[in-house]
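Chains R and W are the protein sequences, given in the same order. One point on numbering: in the numbering used here, the residue at position 38 of the first sequence is 38, and numbering is uninterrupted. One point on numbering: in the numbering used here, the residue at position 341 of the second sequence is 341, and numbering is uninterrupted.
Among the hints, a few may not be true.
[Claimed, not checked] Pair ranges (Cβ atoms, derived):
hint	chain 1	residue 1	chain 2	residue 2	range
1	R	Ile77	W	Glu361	33 to 39 Å
2	W	Leu123	R	Gly78	55 to 61 Å
3	R	Gly78	W	Asn18	53 to 59 Å
These aren't lab readings, by the way, just hints derived from the structure by calculation. All C-beta atoms, glycine included, are put in the ideal place defined by N, C-alpha and C.
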Amino acid sequence: MSDELIQRVRNVIANTQRIPVEKITVDSSFQELGIDSMDGVNILFALENEFNITIPDDAARQIRDVRQMIEGVEKLIGGGTADAAAVTS
Amino acid sequence: MNRVAVTGIGVICALGRNSEEFNQALREGRSGIGLIHCTDCTTLRFHNGAEVQGYDHRPYFDDKRADFMDRFAQFAVIAAREAVSDAGIEWTPELRESSAIITGSCVGGQATEDVGFFNVYKLGQNRVHPLTIPKTMANAGASHISMEFGITGPSYTISTACSSASHAIGQAYWMVRSGMAPLAITGGSEAPLSFGILKAWEALRVVSPDTCRPFSKDRNGMVLGEGGAMLVLEPLEAARARGARIHAEIVGFGMSSDACHITQPSADGAARAMRAAVCDAHLMPEAFGYINAHGTGTQANDTTETSAIRAVFGPHADRLAVSSTKSMHGHALGAAGALEAMAAIFALRDGFLPPTANYNEPDPECDLDVVPNVSRPAQIEYALSNSFAFGGLNAVLAFRR
């Protein structure tokens, strides 16, 4: 989990959710950040654009916090394929 | 106030091209969900829908007329023709002048718009077809029904997403009940299986990659459907006087707004709409034996709807049958309430409970009698049909055998 990746994901969340990036830490839960299911879908869309990846629905459903989101993105950009297990493991 | 009878019914959807085929599929618990053929779904995450398989306008409309109608408007007219014929209406000039047409549609003719926008954005063409606007407008269904029968009374369209047709039928019911209209043609139609629309639904991450399994623990989303369903409503006394066949009565209509979230459902809003319908019918909740649920097959809807039903019906919820026929005809958005009203009417008229198809395993959070997979004989006196829309706008209809 590189600092650059963490920063990019935090920025995407901040821009989509319209909250200051300082509020978002790797350990923030969606609940703490006021991210509901529709907000979550919006953020996934922004992440797909930012990293040019495709996040499968199955995997998307499991994500509950920022750490899971960063780890999921990391695996998708590393592997290059949209494997559901990659985002949830 | 008039009592209001349903004297005509008509339908076209994935389950059949007329009400008898639709009824038969409900009895058999046969799902109309399968591969979408009318659109190339290669680059979509889902490939299934509830499509009117092999639909072509030619048995219904000549080419010239069809040129002026999006698929959703064609479905509206096809369903209205069957309903009007079924009702055996003898038109008089007075009746034509005072009859109402209230239709529901969510996306209207956006499939036509999709083509036009593809042409300008993608192909770089500098013009779209001049019929794009009149084919796209959501009221085109009502307009074409009015022209089909020469009806010149109050006619309009209600667009409240997945509640559109239920709001339309409820409005028409109140118009006939109050004496404002001596007859109404009402229902909904939808044809949303166009690539741009499907892509937009894909982005919401609520569409199942396989099939719609309402209330089942392994449910994984909704499946989009298309079609049209129309009812003819008349005052009960007038219908009896002319010897019309009465399929069922509409006895109540309730509405509410969640005022909560643009996509997440609210149990409180759903419960208030059900209570309003029961109250409008001057009944106690215990009078009801069947609910045709909104039952989309998403995680959120089915648990929320279960809570709402328990809140309204209390212990009686365990004696109610609750099924979602979306498992068979798909989620036809602005037509959904009309397809489901029809399912509720058949349940009452013919004495059976339509099943929730594709059901695999019980979910403790959806612990109602959902009539899994197989229809059951049952003599029910009163039924509800639930519609809860994105945007939190809810409409519930109450029917009597």
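- Query: For which of the previously enumerated hints does the structure constitute a violation, in increasing order of number?
  - Reply: The structure conflicts with hint 2 only, although it agrees with all the remaining ones.
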